[in-house]
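J.: Taken in sequence, the protein lines are chains A and B.
Final position of the first sequence in our numbering is 410; the numbers increase by one with none missing.
Final position of the second sequence in our numbering is 410; the numbers increase by one with none missing.
Quick caveat, the hints were computed from the structure, so don't treat them as lab data.
Each hint can be trusted.
No copy is singled out in the list; a pair is fine if it fits within one copy or between any two copies.
No farther apart than 20 Å at their CA atoms in a straight line, the calculated lysine to aspartate or glutamate pairs in the EDC-like style are these:
| hint | residue 1 | residue 2 |
| --- | --- | --- |
| 1 | LYS23 | ASP69 |
| 2 | LYS62 | ASP37 |
| 3 | LYS109 | GLU296 |
| 4 | LYS23 | GLU74 |
Protein chains: 2
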Amino acid sequence: MLTLQKQKQFAELAVVIGVNMQKGQEVIIDSDVACQDFARLIAEQAYAHGAKLVTMLWSDEKISRLSYDYASTETLCDVPQYIIQRNKYFIEHNCCLIKIAAGNPNIFKGVAQDKLGKVSAARSTALKEFHDATMSNLLRWCIVSVPTASWAKTVFPTLSEQKAIDKLWDAIGKTMRLDSDNPTAAWQQHLTTLSARAQRLNELNFDKLHLYASNGTDITVGLARNHTWLAAQEEGADGVSFTANMPTEEVFTAPHCKDINGTVHNALPLVYNGTVIDGFYLTFKDGKVVDFEAKEGYETLKKLLDTDEGSRSLGEIALLGKNSPIAQSGILFYNTLFDENASCHLALGASYPTTFKDGNSLTQQQRNELGGNYSIKHVDFMVGTKDLNIDGIDANGNKTPVFRQGEWVL
Amino acid sequence: MLTLQKQKQFAELAVVIGVNMQKGQEVIIDSDVACQDFARLIAEQAYAHGAKLVTMLWSDEKISRLSYDYASTETLCDVPQYIIQRNKYFIEHNCCLIKIAAGNPNIFKGVAQDKLGKVSAARSTALKEFHDATMSNLLRWCIVSVPTASWAKTVFPTLSEQKAIDKLWDAIGKTMRLDSDNPTAAWQQHLTTLSARAQRLNELNFDKLHLYASNGTDITVGLARNHTWLAAQEEGADGVSFTANMPTEEVFTAPHCKDINGTVHNALPLVYNGTVIDGFYLTFKDGKVVDFEAKEGYETLKKLLDTDEGSRSLGEIALLGKNSPIAQSGILFYNTLFDENASCHLALGASYPTTFKDGNSLTQQQRNELGGNYSIKHVDFMVGTKDLNIDGIDANGNKTPVFRQGEWVL
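Sequences are here, hints too, so could you generate the full structure?
T.: Spelled out as structure tokens, the structure:
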């Protein structure tokens with residue numbers, strides 16, 4: 001269990017390092033009602049650091065589940081105009097967005113995949129403008145997580161509810177570097193290390209990466225032209241830096257969506273739309289998934305791949321070593337924010353405009369011509385096994401070992 | 001403590017007797033995050049009874065308090081357009097609105113009255129269309145209450161938090177007739193009794209009521225022309241009946257806003273904008289407050305009276321006997337929903353259009369000509385002491401005893 005003092009430090013990190021809120025800014029906190037105590041700590045920190053206004057965007061996954069059980073697909077697909085208006089307001093007012101991601105990984109278990117897929121696609125389409133704004137950092141955003149009972153019990157099923165919650169708090173506290181005397185300074189140091197790594201990859205300017213491991217993964221991922229490697233810290237459209245994911249261990253860039261060939265197997269389960277997808281592989285040809293299989297969650301994976309044209313290609317490749325604190329914890333969090341930081345990963349769907357040089361000044365069409373992928377989805381899945389090897393291949397075909405046995409060798 | 005089974009019956013009452021939701025309707029549940037468990041029970045009952053969709057309107061009074069502590073008056077007065085759009089949607093979609101009222105009566109204690117008053121007035125003005133829609137039953141609505149820790153501790157300050165919550169649940173359960181074997185049938189019987197009482201008052205067709213008691217109350221309240229007495233059950237604009245307040249014990253109608261003369265003293269504290277107003281009197285001349293005093297909350301009362309022209313006159317007079325179950329409980333709930341049902345009361349501010357014959361087909365101007373009051377406020381305050389006497393006076397000046405010693409004698 002984290003002390004209230006540590007929880008306050010955590011909330012402050014989200015405001016100061018996460019969205020890097022500037023005095024006089026409006027802050028949106030997107031939280032399940034189950035996380036109300038921590039949401040209030042963030043609100044208080046935001047105000048204490050000079051927020052103009054904090055607006056809560058409450059949700060309740062249990063009510064969402066009820067709506068899937070009772071309301072029609074048609075009703076759920078219909079996104080009221082006032083939601084779109086609200087999102088416009090957030091963009092126009094240059095709000096910061098802090099999301100607390102703490103969902104029960106199995107909340108939608110048993111809901112028809114067809115219904116989940118249709119509703120998810122319809123909402124993504126209706127909320128496209130806001131999604132695009134986030135993807136291109138028009139507003140600065142940050143995701144953090146705190147334990148809820150249902151999530152903690154999924155992670156630690158053999159413990160009592162309270163013990164599971166306490167243990168998950170401890171684990172999250174470590175990944176958030178709250179065991180440091182000065183968490184803010186520890187984060188600044190960490191961000192510097194990650195930036196240096198991205199810098200080195202940019203200097204090497206690889207054309208492709210070849211990933212291979214004993215589980216059958218053998219895939220060559222071409223990188224988009226004019227791609228740039230980013231680490232934790234990104235730049236908002238207003239030039240202010242921020243850290244979108246906390247914790248974060250990765251450096252990442254944009255694949256070339258027409259130059260991906262081979263097969264990749266997942267290394268950890270993927271939780272998508274409240275459903276677990278596991279034991280799956282994807283085979284790519286010229287950038288598109290041409291074959292796939294899944295031992296668990298096949299239908300969900302299929303719906304995801306069938307969302308639109310771009311959901312069959314990749315929008316992100318992210319690298320991190322098996323010795324990262326999250327990987328070392330050995331905990332499967334069933335939460336992308338953590339699990340993606342335990343393992344190298346790829347993302348089905350859209351690439352981030354910021355992973356191109358001057359990406360936000362390019363049109364979507366221009367980024368697409370460079371190999372950038374577009375989709376209404378962006379879904380990470382983990383591929384970094386403990387024996388993953390990666391070679392960087394430059395424009396002349398020269399190979400440089402980047403990863404050996406799951407860890408950096410650059 | 002109410003069993004889960006009883007809580008479910010309670011939730012069902014709100015859906016079936018309260019808003020009288022019709023199959024295929026949309027339901028809005030307006031709840032503090034502290035009441036999430038009960039809000040979910042209502043959502044489930046609404047869906048089980050055929051709701052098309054349940055939309056949650058979450059609030060958090062602790063975040064609201066933070067916003068008053070940190071955000072500027074100007075910022076808080078600014079109601080974003082998307083909120084107004086959202087309310088329009090609720091009206092246009094003929095939604096039912098169920099509100100869970102469970103606020104900490106002291107949540108805004110210490111906030112400058114000037115700030116509270118300005119913000120409250122600005123928001124009421126911005127949300128006028130929705131307020132008017134509710135007042136004229138354009139959408140069917142219902143208010144219920146469940147215990148929260150802070151509210152329960154205010155009601156029972158000497159008990160432990162858990163015991164206070166349990167005791168408040170028990171008290172609410174009794175007022176909701178949940179101790180009956182068939183709460184729905186008990187409510188239907190109760191509604192019939194109240195309707196008969198309203199019917200009798202309509203037959204007598206009084207011109208004025210004279211209220212007097214030993215605390216100094218001595219006031220003559222003229223009734224609006226074409227007024228009609230209503231009881232718990234009202235009719236929505238779509239002709240479907242509903243019960244706005246649960247519990248409810250009152251019969252009520254519209255005073256004539258230019259024909260109120262004399263002085264009235266409060267019988268119970270009034271909680272307004274999170275502030276307690278007590279030990280107050282109001283002196284009226286020709287329908288307007290011309291003098292007032294308060295031992296506690298004077299500034300808050302002053303702000304309320306100064307809101308607009310109509311906030312200095314009355315919009316409602318409601319009668320109920322001292323033997324009503326809530327009055328008998330002897331509990332001061334610090335919550336208008338209950339306390340107004342323990343005592344005869346008056347309301348500063350707007351009259352309900354429905355308290356006029358064919359009121360919803362009249363314009364505001366027409367109702368005003370009949371003596372109806374208009375304001376952006378409608379705030380009940382309790383005047384029913386145990387020795388309150390009321391005489392009905394007809395157009396010829398004939399007197400009929402209506403109340404003696406705080407109880408009906410009609």
